[in-house]
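A.B. asks: Could you slot chains R, P and G onto chain F? The hints should help.
So the sequences go chain by chain: F, R, P and G.
Residue numbers for the first sequence follow the working numbering, so the first one is 1 and each next one is one higher.
Residue numbers for the second sequence follow the working numbering, so the first one is 1 and each next one is one higher.
Residue numbers for the third sequence follow the working numbering, so the first one is 1 and each next one is one higher.
Residue numbers for the fourth sequence follow the working numbering, so the first one is 1 and each next one is one higher.
Just so you know, the hints here were simulated from the structure itself, not pulled from any lab data.
Every value quoted in this text rests on a predicted model; they were computed, and no experiment measured them.
Idealized CB from N, CA, C, for every residue including glycine.
Label-pair restraints from in silico Cβ distances: (1) P:Gln-4 <-> F:Pro-44: 37 to 47 Å; (2) G:Pro-44 <-> P:Arg-41: 18 to 28 Å; (3) F:Arg-26 <-> R:Gly-164: 26 to 36 Å; (4) G:Ser-144 <-> R:Ser-141: 57 to 67 Å; (5) R:Ser-33 <-> P:Tyr-152: 33 to 43 Å; (6) F:Pro-44 <-> G:Pro-44: 23 to 33 Å; (7) G:Arg-146 <-> R:Cys-136: 49 to 59 Å.
With a straight-line Cα cutoff of 25 Å, these simulated SDA-like cross-link-like pairs (lysine to any residue) come out: (8) R:Lys-71 <-> F:His-138; (9) F:Lys-130 <-> G:Arg-187; (10) G:Lys-71 <-> P:His-138; (11) F:Lys-3 <-> P:Gln-4; (12) R:Lys-71 <-> F:Ile-191; (13) P:Lys-3 <-> R:His-138; (14) F:Lys-71 <-> G:Ser-67; (15) G:Lys-3 <-> P:Leu-181; (16) G:Lys-130 <-> P:Tyr-188.
Number of protein chains: 4
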Amino acid sequence: MNKQRLEAFSDGVYAIVITLLILDIRIPEVLPSALGAALVRMLPQVFTYVLSFFVVGLYWFAHHRVSHQVKQIDGTFIWLNLIWLLFVSVMPFPASLLGRYPLQRIPIAIYGIDLILANVTGFLITVYLKRHPELCVHPTSSASLRRQVPVYAISNGIYVVAIGLAWILPWMSYGLYAAVLAWLMVRYARINNPFQPKKGKRVANPTRVGLWIGGAKRG
Amino acid sequence: MNKQRLEAFSDGVYAIVITLLILDIRIPEVLPSALGAALVRMLPQVFTYVLSFFVVGLYWFAHHRVSHQVKQIDGTFIWLNLIWLLFVSVMPFPASLLGRYPLQRIPIAIYGIDLILANVTGFLITVYLKRHPELCVHPTSSASLRRQVPVYAISNGIYVVAIGLAWILPWMSYGLYAAVLAWLMVRYARINNPFQPKKGKRVANPTRVGLWIGGAKRG
Amino acid sequence: MNKQRLEAFSDGVYAIVITLLILDIRIPEVLPSALGAALVRMLPQVFTYVLSFFVVGLYWFAHHRVSHQVKQIDGTFIWLNLIWLLFVSVMPFPASLLGRYPLQRIPIAIYGIDLILANVTGFLITVYLKRHPELCVHPTSSASLRRQVPVYAISNGIYVVAIGLAWILPWMSYGLYAAVLAWLMVRYARINNPFQPKKGKRVANPTRVGLWIGGAKRG
Amino acid sequence: MNKQRLEAFSDGVYAIVITLLILDIRIPEVLPSALGAALVRMLPQVFTYVLSFFVVGLYWFAHHRVSHQVKQIDGTFIWLNLIWLLFVSVMPFPASLLGRYPLQRIPIAIYGIDLILANVTGFLITVYLKRHPELCVHPTSSASLRRQVPVYAISNGIYVVAIGLAWILPWMSYGLYAAVLAWLMVRYARINNPFQPKKGKRVANPTRVGLWIGGAKRG
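Only chain F is shown next, with the shape it has when bound in the complex:
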């Protein structure tokens, strides 16, 4: 029950952040005849909006997975969770900045730094739960923690590269952010039942995102 209220609060924050993002897409104030051109000029904003929408969605998914293994919460966990929410709640600012100043290095860097901070906080929470098995449904095994390290390291490494590229190939930075997002989304999509994982090994979902419409037969 305690956990449920933390989840309700966190779900609320995620739902609000993901919905507020649209408020930064201001409608243009132009003559009706110039509306089409004005909307085309907004495409970088739209791209940043969609990217950020799925970034927040991904963090919600990640939060869900962490919280699923928690059975009890303590004060420190609540503050760590709040710091995690801080870096997510902040997202409308870098998203709006990146949409307003596309291809500029400072907005790209700020966007990437926010992604890294949120990522690192998520990892700290995982470490904290590893050290506090009494808070978890099942104690986190060292092997399970070790399996997660490369995912965090690779995504944060790519974010750092993307920030660096902002000075020379800013379009590439966008591409890298989108690529990490797509990679993590496919990773999550392949989890058969993300909230009741089979113990011991993770069962990859044979149905691929791109294939399911084609209709695999399944018992």
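C.D. replies: What follows is chains R, P and G alone, placed relative to chain F:
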């Protein structure tokens, strides 16, 4: 429980989108003596606001019905659900655009495209559940799926016609959007108990929206 | 469970509306030396803000009480509920208008009309539940419904008078809105346990709002 | 269940307020070459944002703790809770004002007054629950209430000092607000399991916020 958190998040998004719509109705900045005329000029915005309010309400209702038959969720379902939420979360933008540039063809077309995208995503989710009976309380029968096809086809067909009419009879486009909304709302209102349907056949509610105040006697 | 999702959605809408109200209190853009005077000029907005905050809170309370007696929902109930939410969601607009154009008759009238529409919808829902005892935990007795009629009639009557007074004594209109709000809040505060009323008769709470700090002894 | 809906509504309000805070951090409108300098000038706003984020988070935590001991609610409790939410919902205004007019005495004073009002309301709710043991899971002991008095007195006392210092040492006021926040956060973080306190005595958490990463062994 898993499902409940997805529902809580989705309910949050719907509740926020439906409430944010009012933020786009900015109060006019005029002399008090000109306030009445300024408010009358806002009527197209008010119409678009009310239309969009019920559009979002309708999608919430549809989400509720889909989610009711789900007993378990997987990664792909979560992303499909997020894409559905994306096209709903976007709604304040086309609504605001249509209110600001009434009778203009581009805003009418963007509004209709968003409705179609949301509709198609809802249908894809239904198809996905049909192909994954292990996620459902009861497997979706082919007959049940086939019954839904005309509803999606008719509403999307009318949206396409409305988009086309934007170039010659823009008022008609508004009328068609409103008509589809009204048709779907009455359809839903006639469902006796939308969340515990009798198996096998759907029981139409004899009480009509327009009649209930008149007071049908009921056991 | 069905009801719970309707409640979660409605609670979300109420929570968002009540919180969005503050967004209409824009901070003044003046020289620091002129800040004090600028803030004093905002007092009418602050008054309207506080009034609207408790109006929305009161409707949340009323929604809670209605929903408490419901055990099952149908399509019509969902739409009636959505219309009720519409008139609550709209509140930031009249509140903002009244704060921006204080003592002007049109904003006062629009504010009052929204209150009346929300009130009437609430009453229609009560009538609907009376006619559909199969949706309720206990059928609504005719006596109980009749007891509520004067409350609706008096509050709406006063709202109509307040709207009329806007043309001659606008300050009085504010006073009447606030008086109805205070009256209804005290009425609700006196309910001992609003969500588990004793059957047959309503027990008034002997502890008054103004007295409880003084410390009535209670078993 | 009744309580749960009050919690859901309150959680919603906290989640929205904490997320809305970012909307007041408007992106600067400058030439791309001046963006870095413009962002540096926004640092006072960022500081106020982070401070306010954790202030709201702290009140959410406090609300959670109060609500945890409640088993039943009455009308007066609902209004007291709503007044508490009012002083939290208002927060975006003083936060925005303080960010826009840093080091100015009026914004510092308004910020502090809001903190004091929220604090006092929280204390009144505790007193109310003490006087109404029938609403609580366990009656609040006089000793427990007396233990809380110094915390309220000290924090409010420091707020008053901070408001006074705004006229001579405004930076000090910020420092005092932040210090009280940090003190209360550490106090809460040390609670082992805030929502299932051992009866009779509160068990301090031996794990310190600053130490846990170093890895205390725990059974």
